[in-house]
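Peer 1: Sequence:
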Amino acid sequence: MIQRIQTVYMFLAVVFTVLCLCMQIGTFSAADVSLLREYNLWLTDPIGMHHFTPWPLFAVLVLSASVGTCNIFLYTNRKMQARICSFNMLLILGWYILYAVFSQTLSSIIPDTVSFSFSPSIAASFPCIASILYIMARRAIISDEKLVRAADRIR
Numbered sequence: 800m801i802q803r804i805q806t807v808y809m810f811l812a813v814v815f816t817v818l819c820l821c822m823q824i825g826t827f828s829a830a831d832v833s834l835l836r837e838y839n840l841w842l843t844d845p846i847g848m849h850h851f852t853p854w855p856l857f858a859v860l861v862l863s864a865s866v867g868t869c870n871i872f873l874y875t876n877r878k879m880q881a882r883i884c885s886f887n888m889l890l891i892l893g894w895y896i897l898y899a900v901f902s903q904t905l906s907s908i909i910p911d912t913v914s915f916s917f918s919p920s921i922a923a924s925f926p927c928i929a930s931i932l933y934i935m936a937r938r939a940i941i942s943d944e945k946l947v948r949a950a951d952r953i954r
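For any residue, its number in my numbering is found by taking its place in the sequence shown, counting from 1, and adding 799.
These are calculated hints, taken from the structure and not from any lab test.
Among the hints, a few may not be true.
[As the list claims (entries may be wrong)] Now the in silico label distances, taken between C-beta atoms and shown as ranges:
hint : residue 1 : residue 2 : range
1    : Lys-945   : Trp-854   : 39 to 49 Å
2    : Val-832   : Ser-885   : 19 to 29 Å
3    : Met-848   : Lys-878   : 46 to 56 Å
4    : Val-861   : Ala-830   : 14 to 24 Å
5    : Met-822   : Leu-889   : 16 to 26 Å
6    : Leu-892   : Thr-868   : 17 to 27 Å
7    : Trp-854   : Leu-946   : 11 to 21 Å
8    : Ser-924   : Ile-804   : 22 to 32 Å
[What the hints assert, rightly or not] Think about it this way: if two alpha-carbon atoms lie no more than 20 Å apart in a straight line, the pair counts; the simulated DMTMM-like pairs of lysine to aspartate or glutamate are:
hint : residue 1 : residue 2
9    : Lys-878   : Asp-831
10   : Lys-878   : Glu-944
11   : Lys-945   : Asp-844
Glycine included, every Cβ here is placed at the ideal spot set by N, Cα and C.
Model the full structure from these sequences, guided by the hints.
Peer 2: Next comes the structure, spelled out in C-alpha cells:
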C-alpha cells in the first residue's frame, strides 16, 4: 500500500535530496570576500565562470534521488525496499566523503598567496536529514514485515 508512513519518509528524503541538488552547498572566502561558490555540479568564481570540477557530487545525489523515487513504488517487495533504503544511506555517506574531499582539494584552484576559509551552507545538511529519513523508513518497513509474518503464523 502506497499510503504507509515509510512512503512519506522516503518521499521527504527524496525532496531533501533534490533541494540539496538545487542549492549552493558551500563558499570559499577570503577576508569576507567570496572567492568561489560551490554547487553540486559546478563552482562559480567571482567573474561568473563555471568550473565543473565537483560533478561527482551531482551524480551521486541524482542517483540517490532516482533510486529513492523508484523505491517508493516497490511497496509490494518490502525486503527489497529495506535493502534499497540501506543502499541510499551508503550513497549519502559517499556524498559526504566526496564533499569533504572536494572541499579540501578545491583549494588548488585558489592561489597559494590567498588565505581562504571554507564555509558549508545549510543545504549541505539536507543529505544528512535524508539519511535519517531513510533510517526511519527502513525501520518502518522492517516492522511491517514482522507484522505480516506474525499474521501469516496466525493463519
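Peer 1: Does each hint hold? Answer for all of them.
Peer 2: Checked hints:
1. Lys-945 / Trp-854: 39 to 49 Å: Since Lys-945 and Trp-854 have Cβ atoms about 41 Å apart, the given range 39 to 49 Å holds.
2. Val-832 / Ser-885: 19 to 29 Å: 43 Å, violated
3. Met-848 / Lys-878: 46 to 56 Å: 48 Å, holds
4. Val-861 / Ala-830: 14 to 24 Å: 35 Å, violated
5. Met-822 / Leu-889: 16 to 26 Å: Check passed, 23 Å falls within 16 to 26 Å.
6. Leu-892 / Thr-868: 17 to 27 Å: 19 Å, holds
7. Trp-854 / Leu-946: 11 to 21 Å: Violated: the Cβ-Cβ distance is about 43 Å, outside 11 to 21 Å.
8. Ser-924 / Ile-804: 22 to 32 Å: 23 Å, holds
9. Lys-878 / Asp-831: 50 Å, violated
10. Lys-878 / Glu-944: 8 Å, holds
11. Lys-945 / Asp-844: Violated, because 53 Å separates the two Cα atoms, which is more than 20 Å.
Hint compliance for this structure: hints 2, 4, 7, 9, 11 are broken, all remaining hints hold.
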